[in-house]
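Participant: Sequence:
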Amino acid sequence: MARPLRLATWNVEWFTHLFDDQDRLRPDREWSGRHQVTRIDQITALATVLRAMDADAVMVIEAPDTGSRRSSVRALESFARETGLRTHRAVTGFPSETEQEISLLYDPDRLRARHDPREAPDAPRFDALWRFDVDGDALPEPIRFSKPPLELAVTVQGRLLRLIGVHLKSKSPHGARSPEEAIRIGIDNRRKQLAEAVWLRRRIEAHLAAGDSLIVLGDVNDGPGLDEYEKLFGHSGLEVLMGVDAPPEVRLCDPHARLARASRHGLTASTARFWNPAAERYFEALLDYILVSPDLAQPPAGPQAPVWRIWHPLNDPACAGDPDLGRALLTASDHFPVTLDLRL
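Just so you know, we're using numbering that gives the first Met the number 0 here: the sequence shown kicks off at 0 and counts up by one.
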């Protein structure tokens, strides 16, 4: 049986801090962007995990910065070269307003990938300005992605796949001078995030209407029951992307998302682990997904079925049973990778 295509998404916390302004790795004992983790330790951990995953392509969320002097592609290819990874080619899209890009690191012997932004009559390209009524006052507000999704055309074994890398994030209520103002700012930011999800969903529907095999992967930063604002809006941003109210033939599938929707505040998976200084403990959340179009989700069972996996150092038996890999996963980032094996 032919080897499946393995795709991954991984949010790497402050990847950009591992490089200098010429996009060269800094394997030294200075602190990285991760709390009490040196640059050399994070670099070593990242390489350990990436080799263990052995993915054909990794959608890197919070990839190194692209700016006037820096290049996400150059940095990622430098990292791959220095650490001996087979995924040694990179592609990125529209630069973000932050130091955190969305880029794909891939093996050119397994696939070809190019930035291929599209637009639809009701949803412009992801670098454009879009107007959408987010607060129900019949006056559309201007919406712009601070982290534009990365839309790719990927060719594997002569088959075309459409990939969209995403990083949706609702900003914290910085600058609030009272609890009431914090609530107001939080609701406004949440509305903007959901508007971005609607924009993405319209692009998703255009791909599905065209008959494209589509994969949307990355950090959605919310999910069913994740925060107190969800009841104000009816659905989470994840559910908007999935199209939970749409007919089955235009819904996107991810079994971890389906589990979260079914259980709400009960049993669920997790892809991220954060330290809460106020509570002095870690907490976990399901934030990272690989959503696929119905044609790629078939068959739902059997040897040809797609296989999703969260590389969680404590919850995944294979990761937990490998002490070196488990330590590397905890050192490399505050998120854990998600992989999808597809037989095309």
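Please note that a few of the clues may not be correct.
Quick list of simulated restraints, FRET-style, between CB atoms [claimed, not checked]:
#1 Glu140 with Pro246: 44 to 50 Å
#2 Pro254 with Ala208: 20 to 26 Å
#3 Ser67 with Glu283: 36 to 42 Å
Just so you know, these hints were derived from the structure itself, not from any lab.
This structure is a prediction, so every number in the text was calculated from the model and none was measured.
Even glycine gets a Cβ: it sits at the ideal position worked out from N, Cα and C.
Participant: If I claimed the Cβ atoms of Ser67 and Glu283 lie 36 to 42 Å apart, would that claim hold in this structure?
Facilitator: Distance hint for Ser67, Glu283 holds at roughly 38 Å.
Participant: Confirm or reject the claim that Glu140 and Pro246 have a C-beta distance inside 44 to 50 Å.
Facilitator: Hint violated: Cβ distance 30 Å, outside 44 to 50 Å.
Participant: Taking the Cβ atom of Pro254 and the Cβ atom of Ala208, is their distance within the range 20 to 26 Å?
Facilitator: holds, 25 Å
In the structure shown, a violation is registered for the earlier hint numbered 1 alone.
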